[in-house]
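For the record, in the sequence shown the residue sitting at position 33 is 33 according to our numbering, with numbers rising by one throughout.
Quick caveat, the hints were computed from the structure, so don't treat them as lab data.
Just so it is clear, CB atoms sit at the ideal spot from N, CA and C, and this is done for glycine as well.
Take the hints with a grain of salt, since some may be wrong.
[As the list claims (entries may be wrong)] Derived DEER-like restraints, expressed as beta-carbon distance ranges:
1. G93 <-> T10: 40 to 48 Å
2. K34 <-> G7: 43 to 51 Å
3. L97 <-> I45: 16 to 24 Å
4. K34 <-> G66: 33 to 41 Å
5. F38 <-> G11: 38 to 46 Å
6. L97 <-> I49: 18 to 26 Å
7. V35 <-> G11: 39 to 47 Å
8. Y80 <-> G44: 13 to 21 Å
9. K75 <-> T30: 21 to 29 Å
10. F32 <-> I83: 21 to 29 Å
11. G93 <-> I9: 45 to 53 Å
12. D41 <-> Y61: 28 to 36 Å
13. G11 <-> T51: 38 to 46 Å
14. V35 <-> T10: 44 to 52 Å
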Amino acid sequence: MNKSTLGKITGSILALAPLFVYAEEVIEETFFTKVAGFTNDAIGILLGIATLVFLVGVIQYVIAGGDEKKTAAAKQYMLYGIIGLVVMVAAWGIVNLVVDTLGLDTTSIPPVPSF
Numbered sequence: 001m002n003k004s005t006l007g008k009i010t011g012s013i014l015a016l017a018p019l020f021v022y023a024e025e026v027i028e029e030t031f032f033t034k035v036a037g038f039t040n041d042a043i044g045i046l047l048g049i050a051t052l053v054f055l056v057g058v059i060q061y062v063i064a065g066g067d068e069k070k071t072a073a074a075k076q077y078m079l080y081g082i083i084g085l086v087v088m089v090a091a092w093g094i095v096n097l098v099v100d101t102l103g104l105d106t107t108s109i110p111p112v113p114s115f
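The whole structure should be built from the sequences, with the hints applied where relevant.
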């Protein structure tokens, strides 16, 4: 076997390896796991929105130029963004705590919300 053929075989095996690594058994979904999945997806989107609100407040604060009204409005945006982030993380934790406590989910680690 020459080096070219050996390289092609090795490359093919490495390219297909993730298919075998990420193979998992199919888990039967119940009503509660579907609700938890939907909630995690919604919380991920809302986390993104809360982050954007916070960043808009930061940008407004930076470009306020010392104007007290603009600074106060920017602080309100930042405060609302932080409150939104805290509420969303708390909701995610409560939903996953209930699902894990009642034994409704078969996974041991709750998935992290994503955007």
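Going down the list of hints, with the structure as the test:
A C-beta distance of roughly 45 Å is found between G93 and T10, which places it inside the suggested range of 40 to 48 Å. The hinted range of 43 to 51 Å is satisfied by K34 and G7, whose Cβ atoms lie roughly 46 Å apart. Taken as a hint, the range 16 to 24 Å holds for the pair L97 and I45, whose Cβ atoms sit roughly 21 Å apart. For K34 and G66, the Cβ-Cβ distance of about 51 Å falls outside the hinted range of 33 to 41 Å, so the restraint is violated.
Checked against the hint of 38 to 46 Å, the pair F38 and G11 passes, with Cβ atoms roughly 40 Å apart. Look at L97 against I49: about 23 Å separates their beta carbons, and that is inside 18 to 26 Å. Distance hint check: the CB atoms of V35 and G11 are about 43 Å apart, consistent with the given range 39 to 47 Å. In this structure the supplied range 13 to 21 Å holds for Y80 paired with G44, their Cβ-Cβ distance being about 19 Å.
Checked against the hint of 21 to 29 Å, the C-beta distance between K75 and T30 comes to roughly 44 Å, which is inconsistent with it. For F32 and I83, the Cβ-Cβ distance of about 28 Å falls inside the hinted range of 21 to 29 Å, so the restraint holds. For G93 and I9, the Cβ-Cβ distance of about 47 Å falls inside the hinted range of 45 to 53 Å, so the restraint holds. Under the hint 28 to 36 Å, the C-beta atoms of D41 and Y61, about 31 Å apart, fit the expected range.
Checked against the hint of 38 to 46 Å, the C-beta distance between G11 and T51 comes to roughly 40 Å, which is consistent with it. Range check, V35 to T10: about 45 Å between beta-carbon atoms, so the 44 to 52 Å window is met.
Hint check: violations occur at hints 4, 9; the rest are consistent with the structure.
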